[in-house]
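K.L.:
What follows is each chain in one-letter form.
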Amino acid sequence: MSISIALHALEQGLIFGIMVLGVFLTYKILDFPDLTVDGSFTLGAAVTATIIFSGGSPLWGISLAIISGSLAGLFTGFLHTKLKLSNLLSGILTMTLLYSVNLRIMGKPNIPLLGKETILEKIAIYLPHISGNYLIPFFFLILVIIIKFALDLFLSTEIGLAIIATGDNEQMIKSLGANTDLTKIIGLSLSNALVALSGAFFAQYSGFADVNMGLGTIVSGLASVIIGISIIRTPTIFWRTIAVVIGSLLYRLIMIIALRYGYRLGFKPGDLKLISAVLVIVALAVPLIKKRIDFLTSFNLGRKDLQNNHKEV
Amino acid sequence: MLLIKSLTKYFSKNTPHQVLALHNFNLKVKKGDFITIIGSNGAGKSTLLNLIAGTLLPDYGEIRLDGEMITYQPEYKRAYWIGRVFQNPLLGTAPYMSIEENLALSLKREKRGLRKGINQEMREYFRQRLSELGLGLEKDLNKKAGLLSGGERQAMTMLMATMFKPKVLLLDEHTAALDPESSKKILKITEELVEERKNDLITLMVTHNMKQALEVGNRTIMMDRGQNIFDIQGEERNKIDVNFLLQQFSKLRNQEYIEDRLVLD
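Protein sequence lines correspond, in order, to chains A and B.
Numbering of the first sequence is given in our numbering, commencing with residue 1 and proceeding in unit increments.
Numbering of the second sequence is given in our numbering, commencing with residue 1 and proceeding in unit increments.
The hints are simulated quantities; they were obtained by calculation from the structure and are not laboratory data.
Heads up, a few of these hints could be off.
Claimed, not checked - Below, a list of computed lysine-lysine pairs in the BS3-like style, where the Cα atoms sit at most 30 Å apart:
#1 A:K82 with B:K108
#2 B:K30 with B:K108
#3 B:K184 with A:K84
#4 A:K84 with B:K13
Note that the structure is predicted; figures quoted are calculated from it, not measured.
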């Protein structure tokens with residue numbers, strides 16, 4: 001494996017890592033599989049690319065991306081909590097309407113950013129002594145670390161704890177004085193703001209925004225989250241946010257390798273989505289299959305777990 | 001003072017399956033009252049507690065606390081002054097959150113903001129309160145609530161329901177799902193926690209156990225088909241026993257008190 005593959009996986013893993021932190025917040029913390037992200041990732045890219053393309057400042061573009069992403073989450077939250085639509089349907093509806101909104105914002109299906117001044121070029125000016133190859137991963141590493149700690153901090157506040165409790169035992173937290181409509185809306189807004197931010201950076205990193213670029217965001221996000229927390233199995237928020245970012249890095253590495261060497265196995269670039277969906281299915285099924293095997297073998301071995309306990313005593 | 005006037009609640013209203021769960025229910029509760037509520041299945045006991053807590057909204061009637069009308073206030077707002085313990089020990093705590101996080105959520109109910117959710121001062125307070133329960137829960141505040149036994153979780157919920165100094169405490173058969181030993185323990189904890197604030201707390205406890213209903217608290221009401229059919233307190237209450245309650249029921253309703261669990265108790 002060459003260094004260039006590793007660097008690419010690192011860069012993409014970190015950029016998408018911001019999105020994965022957002023998906024983690026809804027899927028794992030709020031227990032809300034939020035499909036809005038397919039639309040809000042593109043939304044962030046579309047808003048930023050449109051502003052940069054028309055000569056605006058990249059920072060301004062990124063700020064607007066964050067705001068528009070949080071509004072998308074707010075809308076999904078509104079559909080779910082006020083109009084009582086199911087969580088999946090709320091996400092699907094927002095995602096669908098965002099497709100048209102994104103086209104409206106961009107005015108055309110694709111905006112190239114070649115030759116425009118993106119945030120990455122601005123940073124290169126500020127940090128001239130770091131070579132270009134390492135500057136991008138270094139920048140995103142710092143950024144992801146900052147976002148990770150900010151998210152940890154937020155989840156340890158009074159509101160943060162109420163959001164965690166909403167996903168853990170909604171009836172209880174209602175009887176403890178939290179407006180769960182509000183905690184869900186806050187969680188969804190924050191999550192989609194992160195996803196849109198990720199989209200904004202990805203557009204600048206890859207040099208374009210495309211109306212279809214968000215397709216499959218939810219699946220890759222879920223895959224990263226599941227890979228991450230099945231590798232690092234600790235229940236604390238501090239480790240779980242690290243775990244999902246590592247999951248994102250691994251997922252991108254797998255994808256890049258599949259893209260680069262997959263043709264030897266007969267894969268085509270179009271098969272990537274198939275690979276990522278299968279990855280999610282396998283990652284979700286493994287614990288179940290493992291439990292099943294443990295259960296079946298326990299008959300033959302006479303409850304190994306209990307025997308071990310007995311010996312220790 | 002908790003005032004309940006003509007409270008009425010239907011389930012599946014305007015359908016062939018319509019059920020009248022609470023029918024013109026009236027109750028006046030003074031500060032410091034500890035009321036035990038008995039009644040057969042479907043008498044409306046749990047419905048009453050759910051209406052007071054705001055989990056359900058009534059079709060008719062009103063609920064006032066200290067003069068303030070709270071009949072249609074949302075559940076989370078009433079939680080600022082209502083402590084609740086459910087029959088199912090799993091409902092009262094968040095399993096994937098630690099003991100201290102659960103307690104912190106319960107302590108700070110109003111105006112949640114961006115302040116730190118748990119601080120050192122709170123931890124000290126939690127340790128002290130948990131040690132009073134005598135279950136050793138104070139040793140590891142970071143333990144996930146889901147790892148505790150049903151009795152331990154229920155004890156924790158009891159603490160959570162009283163620690164923030166509520167005006168009303170609602171207990172819905174909170175010892176029924178536990179083994180006899182834990183059940184006794186939880187009842188003792190209940191009495192201690194209520195005793196601490198006996199002058200200003202209103203407690204409503206639903207129970208299936210008639211003996212228990214007469215042993216704890218200072219007032220007992222019997223419900224049937226959504227109505228308050230018998231209300232006894234003070235000196236009179238000290239004189240009566242379970243048999244008297246059963247006779248009273250047959251006299252008032254012209255039928256036997258039917259309750260499968262009565263046999264077990």
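K.L.:
Could you run down the list of hints and mark each one as holding or not?
P.N.:
Going through the hints against the structure:
1. Distance restraint check for A:K82 and B:K108: the Cα-Cα separation of roughly 26 Å lies within the 30 Å cut-off, and the hinted pair is therefore satisfied.
2. Distance restraint check for B:K30 and B:K108: the Cα-Cα separation of roughly 26 Å lies within the 30 Å cut-off, and the hinted pair is therefore satisfied.
3. Our distance criterion of 30 Å between C-alpha atoms is broken by B:K184 and A:K84, whose separation comes to about 42 Å.
4. The suggested pairing of A:K84 with B:K13 holds, with an alpha-carbon distance near 21 Å, which does not exceed 30 Å.
Hint violations for this structure: number 3 only, all remaining hints satisfied.
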